[in-house]
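> Kindly generate the complete structure, drawing on both the sequences and the hints.
If you read the protein sequences in the order shown, they are chains A and B.
FYI, in full-length UniProt numbering the residues of the first sequence are 1 to 96.
FYI, in full-length UniProt numbering the residues of the second sequence are 1 to 165.
Honestly, the hints are just simulated from the structure, not real lab data.
Glycine residues also receive a C-beta, built at the ideal position from the N, C-alpha and C atoms.
Mixed in with the good hints, there may be bad ones.
For each label pair, taking beta carbons as the anchor points, the in silico distance ranges come out as [stated by the list, open to error]:
no., chain 1, residue 1, chain 2, residue 2, range
1, B, 145, A, 90, 30 to 40 Å
2, B, 104, A, 86, 25 to 35 Å
3, B, 146, A, 58, 23 to 33 Å
4, A, 35, B, 43, 32 to 42 Å
5, B, 42, A, 19, 29 to 39 Å
6, A, 43, B, 29, 56 to 66 Å
7, B, 125, A, 32, 41 to 51 Å
8, B, 116, A, 14, 50 to 60 Å
Pairs of lysine-lysine, DSBU-like flavour, derived with a Cα cap of 30 Å [as the list claims (entries may be wrong)]:
no., chain 1, residue 1, chain 2, residue 2
9, B, 39, B, 29
10, A, 7, A, 17
11, B, 82, A, 85
12, A, 36, B, 92
13, A, 47, B, 92
14, B, 40, B, 154
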Amino acid sequence: MSLPYLKEAIKNGDNEKLIRYVRLHFGDGNEDDGRKEIDKSWIEALKLLLDSPDTDRAFIFDTLENNDAETLAHLYFHLHFYFLKRSGEWIHDGNL
Amino acid sequence: MTETSKHEQLRPGIWQTVNERYPGSMIMKDEYVPLAQVKKPLSELKLTFVSSAGVQPIGTMPFDTVHPVGDYTYRTVPSDSKPEDLEIHQLKYLTVGANEDLNVIFPIERLHELAEEGIIGGLTDNFFTFIGYNMDPEQLELKLAEDIADAVVKDHADITLLCPA
Numbered sequence: 001m002s003l004p005y006l007k008e009a010i011k012n013g014d015n016e017k018l019i020r021y022v023r024l025h026f027g028d029g030n031e032d033d034g035r036k037e038i039d040k041s042w043i044e045a046l047k048l049l050l051d052s053p054d055t056d057r058a059f060i061f062d063t064l065e066n067n068d069a070e071t072l073a074h075l076y077f078h079l080h081f082y083f084l085k086r087s088g089e090w091i092h093d094g095n096l
Numbered sequence: 001m002t003e004t005s006k007h008e009q010l011r012p013g014i015w016q017t018v019n020e021r022y023p024g025s026m027i028m029k030d031e032y033v034p035l036a037q038v039k040k041p042l043s044e045l046k047l048t049f050v051s052s053a054g055v056q057p058i059g060t061m062p063f064d065t066v067h068p069v070g071d072y073t074y075r076t077v078p079s080d081s082k083p084e085d086l087e088i089h090q091l092k093y094l095t096v097g098a099n100e101d102l103n104v105i106f107p108i109e110r111l112h113e114l115a116e117e118g119i120i121g122g123l124t125d126n127f128f129t130f131i132g133y134n135m136d137p138e139q140l141e142l143k144l145a146e147d148i149a150d151a152v153v154k155d156h157a158d159i160t161l162l163c164p165a
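This is how it looks when you write it as structure tokens:
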């Protein structure tokens with residue numbers, strides 16, 4: 001999907017088109033795979049917190065407060081792939 | 001320069017299929033930049049190489065493989081690089097073969113052989129790479145393509161080998 005197509009979807013409030021694009025991006029062109037990949041990254045993040053380990057909350061607050069939303073959005077995509085890689089189940093043909 | 005013939009779609013129907021799978025992904029253009037005709041034999045021409053394989057020198061900023069809209073930067077790869085000096089950052093094609101022998105996707109050693117054998121006149125100091133996952137046709141055409149074209153001209157290339165990954 002091209003950028004003009006996505007901007008048109010935003011203009012029309014067509015969130016289905018937008019989330020479909022995200023799924024296709026994460027699923028290398030397969031929407032079902034993309035949906036599973038999104039779930040997988042959240043499961044991986046959840047697993048890491050089940051035992052309530054110490055985490056660097058100061059870093060988290062500092063990151064959220066001192067960076068623009070665009071950088072945080074970019075980080076969000078990085079984190080998705082970080083947790084997928086960490087899961088050990090990598091579906092992509094290439095690498096990061 | 002001579003206008004080349006209008007590009008024929010070699011696989012009729014494929015664009016329709018792609019558009020059904022990825023709605024709005026295909027950008028149609030009716031205007032084409034005419035290809036320049038070479039005026040000297042290949043053996044006298046300096047060649048540069050432009051690739052969308054995501055190959056880059058180790059230690060340079062990795063291509064942005066996670067960005068949802070793509071990466072519109074390119075990397076300069078010194079043409080005298082050894083395969084072991086280079087690495088691949090991209091998500092969308094299998095790199096098993098390329099990791100064993102980079103030449104299958106980025107034929108840097110083969111191009112040197114062609115130059116040494118005199119089949120081509122030589123190589124530019126640098127080659128140029130980017131990643132092919134780009135959703136913004138305007139940035140692709142007006143930024144990335146223009147930036148690479150400028151770099152190619154500055155490197156005094158006579159001809160360019162364009163290679164999609």
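> Each hint should be assessed against the structure and marked as holding or not.
A quick look at each hint next to the structure:
1. Look at residue 145 of chain B against residue 90 of chain A: about 31 Å separates their beta carbons, and that is inside 30 to 40 Å.
2. Range check, residue 104 of chain B to residue 86 of chain A: Cβ separation about 29 Å, and the 25 to 35 Å hint holds.
3. Taken as a hint, the range 23 to 33 Å is violated for the pair residue 146 of chain B and residue 58 of chain A, whose Cβ atoms sit roughly 44 Å apart.
4. For residue 35 of chain A and residue 43 of chain B, the hinted distance range of 32 to 42 Å is not satisfied, since their beta carbons lie about 55 Å from each other.
5. Distance hint for residue 42 of chain B and residue 19 of chain A: a CB-CB separation of about 50 Å, inconsistent with the stated range 29 to 39 Å.
6. For residue 43 of chain A and residue 29 of chain B, the Cβ-Cβ distance of about 43 Å falls outside the hinted range of 56 to 66 Å, so the restraint is violated.
7. Judged by the Cβ atoms, the range 41 to 51 Å given for residue 125 of chain B and residue 32 of chain A holds: they are separated by roughly 47 Å.
8. The hint said 50 to 60 Å for the Cβ distance between residue 116 of chain B and residue 14 of chain A, and at roughly 56 Å that hint holds.
9. Between residue 39 of chain B and residue 29 of chain B the alpha-carbon distance is near 28 Å, which keeps this suggested pair within the 30 Å criterion.
10. Restraint check: the Cα-Cα separation between residue 7 of chain A and residue 17 of chain A comes to about 10 Å, which is no more than 30 Å; the hinted pair holds.
11. Between residue 82 of chain B and residue 85 of chain A the CA atoms are separated by roughly 28 Å; this keeps the pair inside 30 Å, and the hint holds.
12. With a C-alpha separation of about 18 Å, the suggested pair residue 36 of chain A and residue 92 of chain B falls inside the 30 Å cut-off, and the hint holds.
13. Taking the CA atoms of residue 47 of chain A and residue 92 of chain B, the gap is near 28 Å; set against the 30 Å cutoff, the hint holds.
14. The straight-line distance between the Cα atoms of residue 40 of chain B and residue 154 of chain B is roughly 20 Å, inside the 30 Å bound, and the hint therefore holds.
In the structure shown, a violation is registered for the earlier hints numbered 3, 4, 5 and 6, in ascending order.
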